[in-house]
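Enquirer: Fit chain B to the given chain A structure using the hints.
Each chain, letter by letter, is given below.
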Amino acid sequence: MTAQLRFRNLTLGYDRHPAVHHLDGAVAPGSLTAVVGPNGAGKSTLFKGVVGVIKPLAGQIERNGVAPEDIAYLPQIAEIDRTFPINVYDLVAMGLWRSKGLFGGISRRDRDTIEHAIAAVGLTGFEQRPIGTLSGGQMQRMLFARLLLQDARVIVLDEPFNAIDAKTCSDLIELIRRWHGEQRTILTALHDLELVRTHFPETLLLAREPVAWGKTADVLTPDNWVKARQMCEAFDDQAHACAVEAA
Amino acid sequence: MLYDALIGPFLEFEFMRRALVSTFALAFGAAPIGVILMLRRMSLMGDAMSHAILPGAAVGFLLAGLNLFAMAAGGLIAGFIIVVGAGLIARSTQLKEDASLAAFFLISLALGVTLVSMKGTNIDLLHFLFGSVLAVDDPALLLVVGIASVSLVVLALIWRPLVLECVDPGFLRSVSRAGGPVHMAFLALVVMNLVGGFQALGTLLAVGIMMLPAVTARFWARDITGMVGTAIICAAVSGYAGLLLSYHAGLPSGPAIILVAGVLYALSVAAGPVGGLIWQAVSRRHLEA
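Note that the protein sequences, when read in sequence, are chains A and B.
Residues 1 to 247 in this note's numbering are what the first sequence spells out, letter by letter.
Residues 1001 to 1289 in this note's numbering are what the second sequence spells out, letter by letter.
Next comes chain B alone, as it looks inside the complex:
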């Protein structure tokens, strides 16, 4: 009975297994990146980036139809253009990076929706915006798993300067010139993971599996290693529980996954051991020293 509810669907249906593996891969790639984005106060930047890849994917769609690689390539190119463009504008004008990103992503979203509507139907548009994790095929799965693997390797390589740039950017500048390249490499990882999440969760929800587990983790761990671990577990649990929920209750799967992540977030805000609301409300006696 319990077995049927919790494991059965994955044994019975290949598309459920594929969906599960792809959400796990997304958890490993995207969640650590989300933690860094959160600690750098760039949480909304992931959101902006995810909108920014839409017109690129849409151009791929216009040129080659629903071809995974054309859309992924288009998304990557658009993402990089936006990252570099926003960075350049921030460096050469008065505008801060977040303001120029906001301008870019609003334009991109409008442009993307227009482009998709020119050739496709509303179903296509829904697929673009919210993904279809149950339709993940072998090439898409390979793409997601490949991106997750590359992300973990690159993160391991740039981890030290990346953390240092968050804590003490002035110090990093004074000892090394790695700051700029490392920042660009990190932004590239953000774009890649959003493109990876695009097939499964769509441009609007891909950022959910990146940011929600990351902000949840803040309520469970005090150091960054613990946060990354918690975020990955949290994202994987959301994927698993979300897929089950969508299977049993007949809900759309992408939103179900993100909703589960949202529930975990709400529970953590309330009861998380590090600064959760309940612990703040309970007045325990202060310590001696």
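The following block holds chain A by itself, in its conformation from the complex:
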């Protein structure tokens, strides 16, 4: 089977300093993968590389059959201007960008789709509220509604459950499981290992370099976790050029 995403000796980073170092591996189509690791392990950097926000320092990312624009991406810290005078409905509607583009009209059917997405995240009744009046959890629900509309084959979620209460978290997990049932490929960065064990079949343990990647139960062992902590050494200003052969 062709992989949905394949990393070939991938190195990503900033100012030549690697944050993800020599990553090899493949994400199968329709798989649900948790990406775990200590802070600074390169989870967000990997995701930015996957959606094309940053270019690899070395190596390649193959995205079989999807353009970077077709990947739905929820960044860890959304750049949303919460004081902007726009309501929940209009912001969620922007998820239709891929099918509507710059000029496409919003039809009656699209309106139904938008209403459904808002209902699916439990925000019915909030359509006309300015986004600045939402709580943190409601904001995250709204962003999930927008992801629903994006209808993407590959979905990348960067720590979607940070500072989110248990109820919201379990509601949003349900959406992720629904996407998984629809054979979408999902990568999610997480810190809550219980959540990973319960809901995510595959796990990538990252500590700048990949520590382990495979079935969640095989990856999340105490040994691997200790290894990850040790490998996640600090960014070194005096670092020498990496000697590992470039592919």
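Treat the hints with care, since some could be wrong.
[To be verified] Label pairs and their computed distance ranges (CB to CB):
{"id": "1", "chain 1": "A", "residue 1": "HIS17", "chain 2": "B", "residue 2": "SER1149", "range": "47 to 55 angstroms"}
{"id": "2", "chain 1": "B", "residue 1": "ARG1177", "chain 2": "A", "residue 2": "ASP15", "range": "40 to 48 angstroms"}
{"id": "3", "chain 1": "B", "residue 1": "TRP1279", "chain 2": "A", "residue 2": "GLY136", "range": "22 to 30 angstroms"}
{"id": "4", "chain 1": "A", "residue 1": "GLY30", "chain 2": "B", "residue 2": "GLY1179", "range": "41 to 49 angstroms"}
{"id": "5", "chain 1": "A", "residue 1": "GLU62", "chain 2": "B", "residue 2": "GLY1262", "range": "28 to 36 angstroms"}
{"id": "6", "chain 1": "B", "residue 1": "ASP1223", "chain 2": "A", "residue 2": "LEU193", "range": "38 to 46 angstroms"}
{"id": "7", "chain 1": "A", "residue 1": "GLY30", "chain 2": "B", "residue 2": "PRO1273", "range": "48 to 56 angstroms"}
[Stated by the list, open to error] A few chain B residues that don't get close to chain A, going by computed Cβ distances all over 10 angstroms:
{"id": "8", "residue": "PHE1013"}
{"id": "9", "residue": "VAL1021"}
{"id": "10", "residue": "ILE1077"}
{"id": "11", "residue": "LEU1095"}
{"id": "12", "residue": "LEU1106"}
{"id": "13", "residue": "PRO1161"}
{"id": "14", "residue": "VAL1163"}
{"id": "15", "residue": "PRO1169"}
{"id": "16", "residue": "PHE1171"}
{"id": "17", "residue": "SER1174"}
{"id": "18", "residue": "VAL1175"}
{"id": "19", "residue": "ALA1178"}
{"id": "20", "residue": "ALA1188"}
{"id": "21", "residue": "ALA1221"}
{"id": "22", "residue": "PRO1273"}
{"id": "23", "residue": "ALA1281"}
Bear in mind the hints are in silico, worked out from the structure with no lab data behind them.
Every value quoted in this text rests on a predicted model; they were computed, and no experiment measured them.
Where is the CB? At the ideal position from N, CA and C, for every residue including glycine.
Expert: Just chain B, lined up with the frame of chain A:
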């Protein structure tokens, strides 16, 4: 009596009618752009741009005298050079865009005033800085109306990505590459409208009809559509009332228009229904839910 005061001057004098139409056209073109500038926290950027077009207009003046098209072309060229230059410097150095714009516009203002003074008189300089809306002739009127029409059409075309880039630039980047071109098109509109306002209000005041109605609108509307509508009405009312004020009281017309816009702003800060000071001071009982 009331008729004489409010409508008479416009029926009697052609230059008043021309001035009125040109301020209305400016209202339709510039006010929506001002709203976007305000929402992007680029309010002072319009100010910087308006100074930046001065040396261009001045070069036009040096080459061709008080020729409208030479000055407008010079202003447009200078404006675009500054926009692109500031953008490039911001992208390739540590300096943020506002800092490089500040550097550019101070240099431009000094250069512009020097250039105008080399050939012209102080009257010319006053015309450059503060405009002369009562001297708007047919070609100038056509230019202003043409710019307003182009602005409205282009704004309609780029509205969706423009708004999205204000709310959630990260999302726009992830779904589309339109962000960069749309931003440039928008900056071009800013420059064009300032050049359009230049003949009527001068380089220093043209930005007033763009920004004052926009910040006023924030106190009247909660969504962006309402803000754009309020800003246009507010700018048009300022034009009309300002011209009347200058006619009856013998005040210079450009500053009178901007002063009226300023009064509307002050009233809105005090009593505007969305976050006006009076409403904040009145303590009404909080709601049940």
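Enquirer: With reference to the structure, classify each hint as holding or not holding.
Expert: Each hint tested on the structure:
1. Checked against the given bound of 47 to 55 angstroms, the beta carbons of HIS17 (chain A) and SER1149 (chain B), roughly 52 angstroms apart, stay inside it.
2. At roughly 24 angstroms, the beta carbons of ARG1177 (chain B) and ASP15 (chain A) sit outside the given window of 40 to 48 angstroms.
3. In this structure the hint that TRP1279 (chain B) and GLY136 (chain A) lie 22 to 30 angstroms apart at CB holds, the actual value being about 27 angstroms.
4. At roughly 31 angstroms, the beta-carbon separation of GLY30 (chain A) and GLY1179 (chain B) lies outside the given 41 to 49 angstroms, and the hint is violated.
5. Take GLU62 (chain A) and GLY1262 (chain B): their Cβ atoms lie about 59 angstroms apart, and the range 28 to 36 angstroms is violated.
6. The given range of 38 to 46 angstroms is respected by ASP1223 (chain B) and LEU193 (chain A), whose C-beta atoms sit roughly 43 angstroms from each other.
7. In this structure, GLY30 (chain A) and PRO1273 (chain B) meet the distance hint of 48 to 56 angstroms, their C-beta atoms being roughly 52 angstroms apart.
8. Distance check on PHE1013 (chain B): its Cβ is at least 41 angstroms (rounded) from any Cβ of chain A, clearing the 10 angstroms threshold; non-interface status holds.
9. Interface exclusion of VAL1021 (chain B) from chain A stands, the closest Cβ pair being 31 angstroms apart, more than 10 angstroms.
10. With a minimum CB-CB distance of about 28 angstroms to chain A, ILE1077 (chain B) clears the 10 angstroms threshold, and the non-interface call stands.
11. With a minimum CB-CB distance of about 18 angstroms to chain A, LEU1095 (chain B) clears the 10 angstroms threshold, and the non-interface call stands.
12. Distance to chain A confirms LEU1106 (chain B) as a non-interface residue, since its nearest Cβ pair spans about 29 angstroms, more than 10 angstroms.
13. Non-interface status of PRO1161 (chain B) relative to chain A is broken: a Cβ of that chain comes within 10 angstroms, the nearest being about 6 angstroms off.
14. Distance check on VAL1163 (chain B): its Cβ comes as close as 7 angstroms (rounded) to a Cβ of chain A, failing to clear the 10 angstroms threshold; non-interface status is violated.
15. With a cut of 10 angstroms on Cβ distances, PRO1169 (chain B) falls inside the contact zone with chain A, its closest approach being about 5 angstroms.
16. The beta carbon of PHE1171 (chain B) sits about 7 angstroms from the closest Cβ of chain A, which is not more than 10 angstroms, so the claim that it is off the interface is violated.
17. The Cβ of SER1174 (chain B) sits about 5 angstroms from the closest Cβ of chain A, inside the 10 angstroms cut-off, so the non-interface label is violated.
18. Not every C-beta of chain A lies more than 10 angstroms from that of VAL1175 (chain B), the closest at about 5 angstroms, which undercuts listing it as non-interface.
19. For ALA1178 (chain B), the condition that its CB be more than 10 angstroms from all CB atoms of chain A is violated, with the nearest at approximately 6 angstroms.
20. With a least beta-carbon separation of about 17 angstroms from chain A, ALA1188 (chain B) lies farther than 10 angstroms from that chain, consistent with its non-interface assignment.
21. Non-interface call for ALA1221 (chain B) relative to chain A: violated, since the shortest CB-CB distance, roughly 8 angstroms, does not exceed 10 angstroms.
22. At the 10 angstroms boundary, the C-beta of PRO1273 (chain B) stays outside the reach of chain A, the nearest C-beta of that chain being 14 angstroms off.
23. At roughly 22 angstroms from the closest C-beta of chain A, the C-beta of ALA1281 (chain B) stays outside 10 angstroms, upholding its exclusion from the interface.
Hint violations for this structure: numbers 2, 4, 5, 13, 14, 15, 16, 17, 18, 19 and 21, all remaining hints satisfied.
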